[in-house]
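Engineer: Listed below are the residues making up each chain.
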Amino acid sequence: MADMVGFDLATPTSLIASEEAGMVVVPGSEGDFGVLPGHSPILTTVRPGVIEIHNDGAVTGRFFVSSGFAEANQEGCTVLVDEAVPVADIDRSAAEERVNAARTALQGADEGQRAAAETELANAEAMLAATQSQPTH
Amino acid sequence: MANLKELKTRISSVTSTQKITSAMKMVAASRLRRAQEAAEAGRPYAERMERMMGAILDGASETVGGPKLLSGTGSDQVHMIVAVTSDRGLCGGFNSSITREVRLRIAALEREGKTVKLLCVGRKARDQLRSLHGDKMLDTFEGIGRTVVTLEDAQRVTAKVLELLDAEEFDVCTIVYNRFVSAMTQIVTPQQIIPVTLDRAESDEAEDGAHAQTSGPSAVYEYEPDEAEILEALLPKNLEVQIFRALLESNASEHGARMSAMDNATRNAGDMIDDLTLTYNRTRQALITRELIEIISGAEAL
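Taken in sequence, the protein lines are chains W and Y.
Residue 137 is where the first sequence ends in this note's numbering, and the numbering goes up by one at each step.
Residue 439 is where the second sequence ends in this note's numbering, and the numbering goes up by one at each step.
Heads up, some of the hints might be wrong.
As the list claims (entries may be wrong) - Incomplete in silico selection of chain Y near chain W, CB under 7 Å: (1) P181; (2) L288; (3) E359; (4) Y417; (5) A436.
Calculated directly from the structure, the hints in this document are not laboratory data.
Here a beta-carbon is modelled for each residue, glycine too, at the ideal position from N, C-alpha and C.
So that you can see chain W by itself, here it is in the shape it has in the complex (with noise of 0.2 Å):
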């Protein structure tokens, strides 16, 4: 279709989301930015936070993502991530609670856990902020 981005969202274990939408809006490393069908090819590092999913002016998909890579070209957009999960499925008390170990791991984390331990704490952050935000239009 032409006037239709198709949209792959994965992870390394599952296949997440795979369908046709209006737009979609990626949280890439230097912005966040919406793909229109025949968007110029673009391969961007993507940061923690929410993938939208617009279909006729109107928010129809939300999906947390932590860190990983999105690929925009004639085809649609593909997103590769580590973790995904739809905003609505979100547990906020289990986001809660995970911000609160990757704090405590962050400050008992010595030279070498320090990275791993920095980029827990950004991905539990994020999806604690995924509860709380509301769809942008």
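Use these hints to put chain Y onto chain W, whose structure you have.
Structural biologist: Here is chain Y on its own, set in the frame of chain W:
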């Protein structure tokens, strides 16, 4: 002829062995299904990752000389082989075919005057290679895929490989694993993972030809933040995905191999029970006949 009691004990021992092997077969069958599902679930990510790698390497300018993962250390003197096996045995030729391949590779490389190092995944690789190549072993991973292979398992192995690469312990890294074809067939597959080889990606793209054409090299990508930084993030991820895939394939192969091995064992035990039962009955009848003859001839003598 063997006496009756002995035969009876043997029959009952073979019967209980048969029970065990058939139970193991069932367990392997259900694990195989799970492992296959896991392997299939991981495929979309791996395929897309490969396409992305292909796109970035096609368009990569020569100025990106940097990352060791991509271009290697510039020499190929020290080879590291990652041998992927299982922790447990009783799965037919699954483990020995890997160790045989590894032994052959080591011999071939040493003939060329290269140094070889080994990284074992699964206890069996270590056990079977220790006597000859114990001095080459850097590390062994155990407990991978006890239930299912998780991404964390792959990350553990990847972290070790990257650590060794940073320490310049090796120049070229090859992973040897069993690729799953069916429960009957597993193919030993050596795959070079460092430096990255592109012909794999190309052949994969050729398979789904239509796809490759539309996203062909004509598309020039824009990179954000920039090429080097993306490569720096993408390469370790790609390594992780490839190792993850090898572990998943190997896990499915293991259960497949065990399933067929146990199926054979169960059948063999059945044949053996039939043979033993026949012998048992013959012996029993011979015994009765002999007793009858003794009684009759005793009576006649009177």
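Engineer: Does each hint fit the structure? Answer for all of them.
Structural biologist: Checked hints:
no.: 1; hint: P181; in the structure: 4 Å, holds
no.: 2; hint: L288; in the structure: 5 Å, holds
no.: 3; hint: E359; in the structure: 5 Å, holds
no.: 4; hint: Y417; in the structure: 53 Å, violated
no.: 5; hint: A436; in the structure: 82 Å, violated
In this structure, the hints that do not hold are numbers 4 and 5, in rising order.
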